[in-house]
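Engineer: For the record, the sequence lines run as chains G and V.
Following the UniProt record's numbering, the numbering of the first sequence begins with 1 at its first residue and continues without gaps.
Following the UniProt record's numbering, the numbering of the second sequence begins with 1 at its first residue and continues without gaps.
Be aware that a few hints might be false.
[Claimed, not checked] Calculated pairs, PhoX-like style, for lysine-lysine (alpha carbon to alpha carbon, straight line, at most 20 Å):
#1 G:K656 <-> V:K40
#2 V:K15 <-> G:K480
#3 G:K572 <-> V:K4
#4 V:K15 <-> G:K486
#5 V:K2 <-> G:K444
#6 G:K468 <-> G:K492
#7 V:K2 <-> G:K575
#8 G:K444 <-> G:K572
#9 G:K554 <-> V:K2
#10 G:K402 <-> G:K444
#11 G:K436 <-> G:K681
#12 V:K6 <-> G:K567
#13 G:K526 <-> V:K15
#14 V:K15 <-> G:K656
#15 V:K2 <-> G:K499
#16 V:K15 <-> G:K567
#17 G:K549 <-> V:K6
#18 V:K4 <-> G:K575
#19 V:K40 <-> G:K486
#20 G:K610 <-> G:K629
#21 V:K2 <-> G:K540
Don't read these hints as lab results, they were simulated from the structure.
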Amino acid sequence: MDKGKAVDRGSNGFAPAKKPTLVIKGFKNKPKLPDDFEQTSWQKLEKAVRAIQSSQRVQDSLEELYRTVENLCLHKYSETTYTRLSQEMERQIKSVKAKLESFPPSASLAFLAEVRDAWTEHCRQMLLIRSLFLYLDRTYALQTNGIHPIWELSVDMFRTFVLTPGGATLVGSMKGLLLQITSERNGNVVSRDLLRSIVQALLDLDLYDLIFEPELLAETDRFYTEEGDRLTSEVTQAPDGGVALSHLLKRVEQRVQEESNRCTPNVGYLTPSSRRKLTQLAEAQFVKRNARALLDAGFDKLMDAKATDDLTRLYTVFNRIQCQDLLRDKFTNYTKTKGSAIVTDTTRDATLVDDLLEFKLRIDTTVSGPFRNDESFVHAAKESFERFINIRPNKPAELVAKYIDNLMRQGKGLTDQEQEGLLDRCLSLFRFIQGKDVFEAFYKRDLAKRLLLNRSSSDDAEKSMLMKLRQECGSQFTSKLEAMFKDIELSKDLATAFKATTTAQTLDVDLSVSVLAQGVWPSYPKMEVAVPEALARCTKVFADFYVGKHKGRKLDWQPALAHCTLKASFPKATKELNVSFFQTLVLLLFNENKSLSFREIQQATRLEAKELTRVMQSLALGKVRVLNKSPKSKDVSDDHLFEVNETFQHELFRVKINAIQQKETPEEQKATNTRVFEDRKHVVDAVIVRIMKSRKTLSHTELTREVFGQLKFPLDAKELKKVIEGLIDREFLRRDDKDASMFVYVA
Amino acid sequence: MKMKIKRWQAVAVWKWDLPDEDDVCGICRNVFDGCCPDCKSPGDDCPLIWGQCSHVFHMHCLLKWLEQESSRGQCPMDRRPFVAASA
Ligand SMILES: [Zn+2]
Ligand SMILES: [Zn+2]
Ligand SMILES: [Zn+2]
């Protein structure tokens, strides 16, 4: 064998196996073991073990050594061999212990590297030794109670002598590990490979779960408590808590990601089983401990700023730390506070509905986006709207009705779909409102004007709105509206029939009449007006025609709702004017008069002063001025003079100046409200009588509770008291003789 | 300047032509401007009927009344045979 080949130890450090020489001998006697069989066999093995332990070349081949072990075991030397081997292992491990303990107590990287190397080397050695003693392991160690298999024995020894719980080496290693983790959390780069090896050693040695992890969690807790407190105080002390809270939320999110990464196999170095515990600690110490203070300082600001991403983070983390209730209460409070500020500010009535729609959209998108449509948040939003919208009774209902009217008239340049969407959003506001009767009264009044003045932008939109209202208010309300539409349809047929009559053809005015059923339409105040003879004849002709078709009826003319198309010839232009009937009456006077005073006009038309003032202002002071006024002031007095604007010009041929009819007068507004309140009184009367009729005797408290339970509109206790007094006066009820707080039904 | 009405869109409310506007139906006691208890809205759907005896009722109310045998075809107000006034 030449020298060069002898150096070649093969990959496992053993000498290559010798070529077997075939020897055949006859057995004459039973072979007898030499006396020093055990001695020499072990010496051979001991030499190999020590070579492995000192990283030297092993003289004998693995095969030969393996057979030696096998022979020892076959000749009942298993126990002796196992004991001798364990002594060898112990001796080696003790030398490792001594070497590590010779380092000055430290948690340095160098020390960590030593520990890693010691463990790696131990594992390398033990793998070789175990393969050598495989036969012993299988036939003896694994089969015998009370002793460890070789690998486990070595792990146990390493734990007993080197990384001893409580011992300096383990304490130092763990401290070093934790220092590195803290350093990494502080933004420094650490050797993750080294840390991974140490953690792996702790896992192999069963030291991770029971010894290391509790320390890891304690350190993590300390670290995040400190950082959480620092960031929280930044939030609570910042002039704008929103920005600081946003910063904190991003930090938590980042921390959670970092910890998660730290526990990802191959990328990080801690075990996946620690992930949830670490991220929970980060969230708990950052947010949970200071949850209320954080919300108080920053939540409203995030809502104001529509900070969708931050609100998403906030919801996610509050959900995980199970503090949704706190967040929801804060959200409820925000919605109520902001909402009632919008509703109660009487200076912004002009934009109230737009503001509410915008606010609702914002709240809804926050609930459906950042708050993931969480049912309890959906409910909180709904409840908050119901609460704040009704803080101010009646007005929101009135304004929503008018908003819809405006939409139905103008369409606002929206597509059909956009308009539908906007109407739906208006109804979603309306849904929260308790005083639905106010809405109904104003809606009906506005619808009447749209129909009578031909101002609806689309029939389809009107019909679709009617269907929506049927769903919201019930058919009792909409049946009246449907009857209004029907009257308009019937009136169109009637107009056609009338025009076909011979008498109609003798009139020089093209007259059509909307005939309304009473009790279906809003009621209008009676307006006295002097109608010129020629026009009075027209109405007479129509009335005769109508009564001829419908026996037992009569017609009550409503001049305030009528309107006309005039052909007007000015010196400089001929125009078609769309005017109210009252405007018509005034303008016709100027066919015979060049100039007229307010007093003269009033004498001629008999219009009530307030109404006539509005008419004159619309003709002489509005955007389109067909009359001139002197003096030019806005106010109107008896002696102010009016004359035709001789220089009248307009870019259009058809000019509308009857907007005053559409516009609600203050008197109308008041009348509509009064009417609702009158109706309410009747409803309350009826409800009390119905309750008392069935219950006979009730205390004031019980009666109040029952009445409020049945009413669909708000009523204050004072009002209720008045109604009860009224019923006592009218002898529907009386007070009990003995107990004045009890009411008795009088049959 | 010359103004001439081309079109006139007038508005009128129709009412039952009764001597007293607050009159009620002798059967259901609802005002005539309202409808009978079975109807939802007054007007074409719930007409009135005049008797030769000059009594007026909701047509629905009177028909219901006349269906009852005990009515014996009489006007409920004066117990004379009810005959509708011809137009
Ligand atoms: Zn009746
Ligand atoms: Zn009827
Ligand atoms: Zn009669």
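Engineer: If a hint holds in the structure, say so; if it does not, say that too.
Structural biologist: Going through the hints against the structure:
{"no.": "1", "hint": "G:K656 <-> V:K40", "in the structure": "violated (38 Å)"}
{"no.": "2", "hint": "V:K15 <-> G:K480", "in the structure": "holds (17 Å)"}
{"no.": "3", "hint": "G:K572 <-> V:K4", "in the structure": "holds (17 Å)"}
{"no.": "4", "hint": "V:K15 <-> G:K486", "in the structure": "holds (17 Å)"}
{"no.": "5", "hint": "V:K2 <-> G:K444", "in the structure": "violated (38 Å)"}
{"no.": "6", "hint": "G:K468 <-> G:K492", "in the structure": "violated (26 Å)"}
{"no.": "7", "hint": "V:K2 <-> G:K575", "in the structure": "holds (11 Å)"}
{"no.": "8", "hint": "G:K444 <-> G:K572", "in the structure": "violated (42 Å)"}
{"no.": "9", "hint": "G:K554 <-> V:K2", "in the structure": "violated (35 Å)"}
{"no.": "10", "hint": "G:K402 <-> G:K444", "in the structure": "holds (10 Å)"}
{"no.": "11", "hint": "G:K436 <-> G:K681", "in the structure": "holds (15 Å)"}
{"no.": "12", "hint": "V:K6 <-> G:K567", "in the structure": "holds (6 Å)"}
{"no.": "13", "hint": "G:K526 <-> V:K15", "in the structure": "holds (14 Å)"}
{"no.": "14", "hint": "V:K15 <-> G:K656", "in the structure": "violated (32 Å)"}
{"no.": "15", "hint": "V:K2 <-> G:K499", "in the structure": "violated (26 Å)"}
{"no.": "16", "hint": "V:K15 <-> G:K567", "in the structure": "violated (33 Å)"}
{"no.": "17", "hint": "G:K549 <-> V:K6", "in the structure": "violated (26 Å)"}
{"no.": "18", "hint": "V:K4 <-> G:K575", "in the structure": "holds (11 Å)"}
{"no.": "19", "hint": "V:K40 <-> G:K486", "in the structure": "holds (14 Å)"}
{"no.": "20", "hint": "G:K610 <-> G:K629", "in the structure": "holds (17 Å)"}
{"no.": "21", "hint": "V:K2 <-> G:K540", "in the structure": "violated (25 Å)"}
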